[in-house]
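Chemist: Please build the complex by placing chain B on the supplied structure of chain A, with the hints as guidance.
Same order as they appear, the protein sequences are chains A and B. Residues in the first sequence are numbered from 364 upward in steps of one, following our numbering. Residues in the second sequence are numbered from 364 upward in steps of one, following our numbering.
Calculated directly from the structure, the hints in this document are not laboratory data. Don't take every hint at face value.
It does not matter which identical chain is meant; a pair holds if it fits inside one copy or across any two.
Under the rule of at most 27 Å between Cα atoms (straight-line distance), these lysine-lysine pairs were calculated in the DSS-like manner [to be verified]:
id : residue 1 : residue 2
1  : K645      : K506
2  : K564      : K637
3  : K436      : K552
4  : K506      : K816
5  : K512      : K397
6  : K645      : K659
7  : K539      : K515
8  : K552      : K539
9  : K552      : K506
10 : K638      : K506
11 : K595      : K638
12 : K552      : K795
13 : K564      : K714
14 : K798      : K552
15 : K368      : K539
16 : K637      : K573
Number of protein chains: 2
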Amino acid sequence: MPQNKVIIAGGGLVGSLAACYFAKRGWTVEVYEKRPDPREERNHGKRNLRSINLAISTRGLSAINRLDPEVEKKTLDIVLPMYGRMIHNLDGSLNSQQYSVTGQPINSIDRGRLNEILLDVCESYPNTKIYFEYDTESFDYAKKTVTVKNSKTNEISVASGDLIVGADGAHSTARKYLSFFARTSVEKKYIDHGYCEIEMKSHNADFAMKNDHLHIWPRNTFMLIALPNLDKSFTCTLFMPWSQFEAIETDEDLMAFFKTYFPDSIPLFGEELKKEYFTNPKGALFYVKSSPHHYKGNAVIVGDAAHCTVPFYAQGMNCGFEDIEVLDKLLVEQAAPLIDATDAVACKDVKTNMLTPEQIEAALINYSACRPNDSANMIDLAMHNYIEMRSNVNNLSYRIRHWLEGKLYLVFPKLVIPLYTMVSFTKIPYSKAKKQWIKQTNAIHSLVSFATKTAIFGALFFAFKRYAPTNTLKFPSISEILSIFKK
Amino acid sequence: MPQNKVIIAGGGLVGSLAACYFAKRGWTVEVYEKRPDPREERNHGKRNLRSINLAISTRGLSAINRLDPEVEKKTLDIVLPMYGRMIHNLDGSLNSQQYSVTGQPINSIDRGRLNEILLDVCESYPNTKIYFEYDTESFDYAKKTVTVKNSKTNEISVASGDLIVGADGAHSTARKYLSFFARTSVEKKYIDHGYCEIEMKSHNADFAMKNDHLHIWPRNTFMLIALPNLDKSFTCTLFMPWSQFEAIETDEDLMAFFKTYFPDSIPLFGEELKKEYFTNPKGALFYVKSSPHHYKGNAVIVGDAAHCTVPFYAQGMNCGFEDIEVLDKLLVEQAAPLIDATDAVACKDVKTNMLTPEQIEAALINYSACRPNDSANMIDLAMHNYIEMRSNVNNLSYRIRHWLEGKLYLVFPKLVIPLYTMVSFTKIPYSKAKKQWIKQTNAIHSLVSFATKTAIFGALFFAFKRYAPTNTLKFPSISEILSIFKK
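Bound conformation, chain A alone (with noise of 0.2 Å):
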């Protein structure tokens, strides 16, 4: 029987993921990412040095469900969940900050064995090839068509197929191409801040702090975070402004910044901050946002290609993956329009694979109409998360405004959800989330403000009938004011 074909650049996470919803979906899939196979330079020994710390929560792990449930299982179990913030004070105090009143955690994961596993469920689909060490040179995306190189020999051929699917990643070629095609208009903006990765090894076997929170030094314009690992290593991850960076020269420079901001860090890091520090690679920070992300029904991009984010909300996988199920149910809509595309088990074995051009193409506008839009609005929240990390969580009104919240949710789930629970622990759509804060967020300044004048008020109204001499002065009774409307 003769069925679509998808050609996807990339097979990182979000090309990884892809490959299996359209292999389930009954495509023929054609994957062509441009390093070696993980998992044989995993059998060689190699690290992974390109990896910014990852946390997976609802939206990542709900994508992984709705492709198979086993899978989810199986990503659960390399996971360590952090339920909340370690604060780490100046002073070596530490305080914790739970992420949900109701208890969820979001998951430390490594990047590279989730892909591993998001690669042997591929290759376990029939009709499923991926090639490593292939580059993605050029793309047709009117003749359906990708270039690719194969890295090793330097042969070039063309791969074609119903649909092309762009994962290639933040400086994706897939976008560029696409925007000649699409006219996508595409922003990228640098920020001023660098980091700056720094193991912190474990501790005669055991983890060198607790395991079970996501670990932060803030220090208003920058800041220290720790993710624990499965080998009970901490990643931890030095935000700061590049000039900053750039004022460490020396191992003393170094110490004498350590002793002045993370004093507590220095004995868990041990010897080895100095060689971290100093051998690990500088990165940038910077955002993608581009609009559409479609060309006609032949070429879509998803994940990092299509928006990247700054990492401070944890967000950038999240939104990738979520792309894919999004994906997956306007062309299930399409093929399927009377089962519930929204429902994963419903929907469990409706195949998408015989879908016509036009079909295809009325899901990715589905999808444009979407996704940017959303991918934009996480990346505005990412951005406004990085001032919360390093500076707000330690500011008394936010704390005060952080815990009403958390009240107000359980009171009124539906009226109030904290910020970092509709991001992380729902599948609220970003927009939505951003639009619904930022409405919550007045009325709970309005609440507080009432609240502060009502108090200040009532405490100098008491006073004052306290200590003042009772003759002096008298506030008139509420029959005395309305006596003057009556005459």
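Modeler: For chain B alone, coordinates are given in the frame of chain A:
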């Protein structure tokens, strides 16, 4: 004597002007251009199809003059001055609007011919070599090297210099690599309108319309424009929303559309109209803003590679040429701090070919401190001018304001300068021009609003005095009003 060497990616208009400047200042120059030598192409009778109309005005001419007044003369030999807009109304009536109250023109020019002049000048200098049909594949700005590919032989080689100048146009590879090295943020934005060029042939060996105007058929949401060519043809360009292009599918659609909106143009185009419209490509319109434009003392991007504009202020090339004038001024400032670098004659013989990397870096820091902002403001003005050209020019209040601005400029030439004059006939930085324009527009609005109110009040007052029964109501006289205060 050892001297600095510059590698220039791109030998288009801005790249070739840059090459002339560096050659004049004593540098060794290598230019890599991906297209064939246009001078050979012309000999083989090929026509350059990718040119949107070009108009050169003060900024562009100033940059050429600073290079060499003789080259400016050669340039002016091939231009057709346009002193104003010729508005074509729906009923076929014409309406001329001068560009400048002092009678200055902008100048229609052929991109190819200007490029050839500059390439000739460039090759007249010693130590200058232009490599045609070379692709610039990748840039290593740390090592100051460019990997180039001879596109006829596919041979790869590496060019290296003391400075790399990226002048490789709107889809610049130099910019892409600068983004990695200098963390250059880039915004590329497509607008929802496209364009199509249509040639209007000469009539009986003469121009079909007046050749000293830029012709516009403003139709509110879309427009047709025409610029004269030396061969007595006009290059006309239809700018309109993509949805309108897509709606015109047949010869009948096209003719009905032209009959409705551009009836007077139909006899001027003749039978060629249909063929031109359906054969010529429809182009996309977008802008690119980027910042910063340099990496250390090693690399800088200029022209469309750094900023790409929608064409509605005819400032793309002018701004690119101004880039080169500014860059030269900043390098001269480093080489000869005692000479006034803005004075073209005074610094005519200054050489910049012995500058140290630190001096070059100082110049490039100053370059990035002004040009990204200036070009971004130019783009904003061009976006605004699209609305002005296709809609406002027909609007009464616009014409009153335009007239008033012109009159005020004649009386107070430092206080009020029409925006069009600032952009096209001065070298006031675009960012300053935009600020001044906003300020003076607000002032003129207030003035007009005050004058209108006074006029209405005055009219009402006299009408009242004339027609009201004398004893029903009487306005108090000024002495009566004053007497109130005396009481």
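Chemist: Each hint: holds or not?
Modeler: A quick look at each hint next to the structure:
Taking the closest pair of Cα atoms, K645 and K506 come within 27 Å of each other only across two copies (19 Å); inside a single copy the shortest separation is 40 Å, beyond that limit. When the C-alpha separation of K564 and K637 is checked against a cutoff of 27 Å, the pair qualifies only within one copy, where the shortest distance is 14 Å, while the shortest distance between copies is 73 Å. Taking identical chains as interchangeable, the C-alpha atoms of K436 and K552 are never at most 27 Å apart, the minima being 37 Å within one chain and 43 Å between chains. In the homo-oligomer, the alpha carbons of K506 and K816 never lie at most 27 Å apart, since the shortest distance is 67 Å inside one protomer and 63 Å across protomers.
Taking identical chains as interchangeable, the C-alpha atoms of K512 and K397 lie at most 27 Å apart whether they share a chain (9 Å) or sit on different chains (22 Å). For a Cα distance limit of 27 Å, the shortest separation of K645 from K659 across copies, 18 Å, qualifies, whereas the shortest one inside one copy, 39 Å, does not. In the homo-oligomer, the alpha carbons of K539 and K515 lie at most 27 Å apart both inside one protomer (24 Å) and across protomers (25 Å), since each shortest distance falls under that limit. Proximity of K552 to K539 under the C-alpha cut-off of 27 Å is found in both arrangements, the shortest distances being 16 Å within a copy and 13 Å between copies.
For the homomeric pair K552 and K506, the shortest alpha-carbon distance between copies (25 Å) is at most 27 Å, but the shortest distance inside one copy (32 Å) is not. Proximity of K638 and K506 under a CA criterion of 27 Å is satisfied inter-copy only: 26 Å between copies versus 51 Å inside one chain copy. Taking identical chains as interchangeable, the C-alpha atoms of K595 and K638 lie at most 27 Å apart only when both belong to the same chain, with a minimum of 20 Å there against 72 Å between chains. Proximity of K552 to K795 under the C-alpha cut-off of 27 Å is found in both arrangements, the shortest distances being 24 Å within a copy and 25 Å between copies.
In this assembly of identical chains, K564 and K714 lie within 27 Å of each other by CA distance neither inside one copy nor across copies; the values are 47 Å within and 57 Å between. Proximity of K798 and K552 under a CA criterion of 27 Å is satisfied in both settings, with 23 Å inside one chain copy and 25 Å between copies. In this homomeric assembly, K368 and K539 come within 27 Å of each other (Cα to Cα) only inside a single copy, at 23 Å, whereas the closest approach across copies is 32 Å. In this assembly of identical chains, the alpha carbons of K637 and K573 lie at most 27 Å apart only when taken from the same copy (23 Å versus 75 Å across copies).
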